[in-house]
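Undergrad: Please model the complete structure; the sequences and the hints are all you need to start from.
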Amino acid sequence: AQSVTQLGSHVSVSEGALVLLRCNYSSSVPPYLFWYVQYPNQGLQLLLKYTTGATLVKGINGFEAEFKKSETSFHLTKPSAHMSDAAEYFCAVRLSSGSARQLTFGSGTQLTVLP
Amino acid sequence: DTEVTQTPKHLVMGMTNKKSLKCEQHMGHRAMYWYKQKAKKPPELMFVYSYEKLSINESVPSRFSPECPNSSLLNLHLHALQPEDSALYLCASSQVGQGAGGYTFGSGTRLTVV
Chain S
1 AQSVTQLGSH
11 VSVSEGALVL
21 LRCNYSSSVP
31 PYLFWYVQYP
41 NQGLQLLLKY
51 TTGATLVKGI
61 NGFEAEFKKS
71 ETSFHLTKPS
81 AHMSDAAEYF
91 CAVRLSSGSA
101 RQLTFGSGTQ
111 LTVLP
Chain U
1 DTEVTQTPKH
11 LVMGMTNKKS
21 LKCEQHMGHR
31 AMYWYKQKAK
41 KPPELMFVYS
51 YEKLSINESV
61 PSRFSPECPN
71 SSLLNLHLHA
81 LQPEDSALYL
91 CASSQVGQGA
101 GGYTFGSGTR
111 LTVV
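Top to bottom, those sequences are chains S and U.
Residue 1 is where the first sequence starts when you use our numbering, and the numbers rise one by one after that.
Residue 1 is where the second sequence starts when you use our numbering, and the numbers rise one by one after that.
Simulated from the structure, these hints should not be mistaken for lab results.
Beta carbons are placed, not taken as given, at the ideal position from N, Cα and C, and that holds for glycine.
There is no bait here: all hints are sound.
20 Å max Cα-Cα, derived DMTMM-like pairs, lysine to aspartate or glutamate:
| hint | chain 1 | residue 1 | chain 2 | residue 2 |
| --- | --- | --- | --- | --- |
| 1 | U | 41 | S | 85 |
| 2 | S | 49 | S | 71 |
| 3 | U | 41 | S | 88 |
| 4 | U | 38 | S | 88 |
| 5 | U | 40 | U | 85 |
Computed spacing ranges between beta-carbons, pair by pair:
| hint | chain 1 | residue 1 | chain 2 | residue 2 | range |
| --- | --- | --- | --- | --- | --- |
| 6 | U | 41 | S | 112 | 16 to 26 Å |
| 7 | S | 16 | U | 28 | 40 to 50 Å |
| 8 | S | 66 | U | 15 | 44 to 54 Å |
| 9 | S | 58 | U | 17 | 45 to 55 Å |
| 10 | S | 28 | U | 65 | 28 to 38 Å |
| 11 | U | 79 | S | 80 | 45 to 55 Å |
| 12 | S | 14 | U | 58 | 38 to 48 Å |
| 13 | S | 80 | U | 39 | 24 to 34 Å |
| 14 | U | 10 | S | 112 | 22 to 32 Å |
| 15 | S | 80 | U | 55 | 34 to 44 Å |
Negatives, chain U to chain S, calculated, CB over 10 Å:
| hint | residue |
| --- | --- |
| 16 | 20 |
| 17 | 36 |
| 18 | 60 |
| 19 | 63 |
| 20 | 64 |
| 21 | 66 |
| 22 | 72 |
| 23 | 73 |
| 24 | 75 |
| 25 | 77 |
| 26 | 113 |
TA: In structure tokens form, the structure reads like this:
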């Protein structure tokens, strides 16, 4: 079984400040990890994913995340927040073993960017 | 084509109506999914189709009836819904098997039951 915990349901940062959204996971086998972003009244857009290989993963819109197995974490960062980054962010985990299996989502973090 | 297309984008239906949501992808993905999302909540899995066969039904009420006519299409038939079924309905697709990555989501259908 797998689970995801996102620490902080709401995060506010000033424009230009560092964005840090926290995600911890639990998985019985090596996981695939994802960050999705959702803008109001839209679907989910994949920001980045970790499957195998390099533990620092770069995604779209300047976001990156680092897979830390020892800490069971996959935190999302961006060096400088932009107003357009305001959205809901979901961390998700999927087992690396085969077949069609569902993503398990965290509860989400609403990011507010202050001018 | 790297998109999942959902139609309609908005739907208002009465509790006695029958309607269908449609989802289409041409990425060669052999797994397709229906999710329900309420405001300020993560998506909740409803159904999973793998190679056009229903593989997971998360105890969804029978007023929701999924259908996968071929590897590119996924429908969700709606009948006798309740106001609490109002939500954003998301379709997604993915590869199947080891090495499979994330899901590609559609933009959703905003459903309002009156």
